[in-house]
Amino acid sequence: MNDGVALGLAFGIASLLWMGYIFDDAIIQISLTLAVRYIAFFAVR
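Under the numbering used here, the first residue of the sequence shown carries the number 1, and numbering increases by one thereafter.
The reader is advised that the hints may include incorrect statements.
Unchecked claim - Distance ranges between label pairs, derived from CB positions: (1) Ile27 / Asp3: 11 to 21 Å; (2) Leu17 / Tyr38: 14 to 24 Å; (3) Asp3 / Asp24: 17 to 27 Å; (4) Ala6 / Thr33: 26 to 36 Å; (5) Gly4 / Asp24: 32 to 42 Å.
Because the hints were derived from the structure by calculation, they are not lab data. C-beta atoms are modelled at their ideal positions from N, C-alpha and C, and glycine is treated no differently.
With the hints as constraints, model all of the structure from the sequences given.
Structure follows, in structure tokens:
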């Protein structure tokens, strides 16, 4: 498996686990989704 794919998958799983603790705050969920996406992009790059 490519390193980028593995790292992206790790970031995705970590963010899903983190969002499991946030139930009723849509602003934090959207912010977390956007932040993790950009952090994963720059980490893989």
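Results of checking the hints against the structure:
1. Ile27 / Asp3: 11 to 21 Å: violated, 33 Å
2. Leu17 / Tyr38: 14 to 24 Å: holds, 19 Å
3. Asp3 / Asp24: 17 to 27 Å: For Asp24 against Asp3, whose Cβ atoms are near 36 Å apart, the range 17 to 27 Å is violated.
4. Ala6 / Thr33: 26 to 36 Å: violated, 20 Å
5. Gly4 / Asp24: 32 to 42 Å: 34 Å Cβ-Cβ, so the 32 to 42 Å window holds.
The structure fails to meet hints 1, 3 and 4 from the earlier list, while all remaining hints are met.
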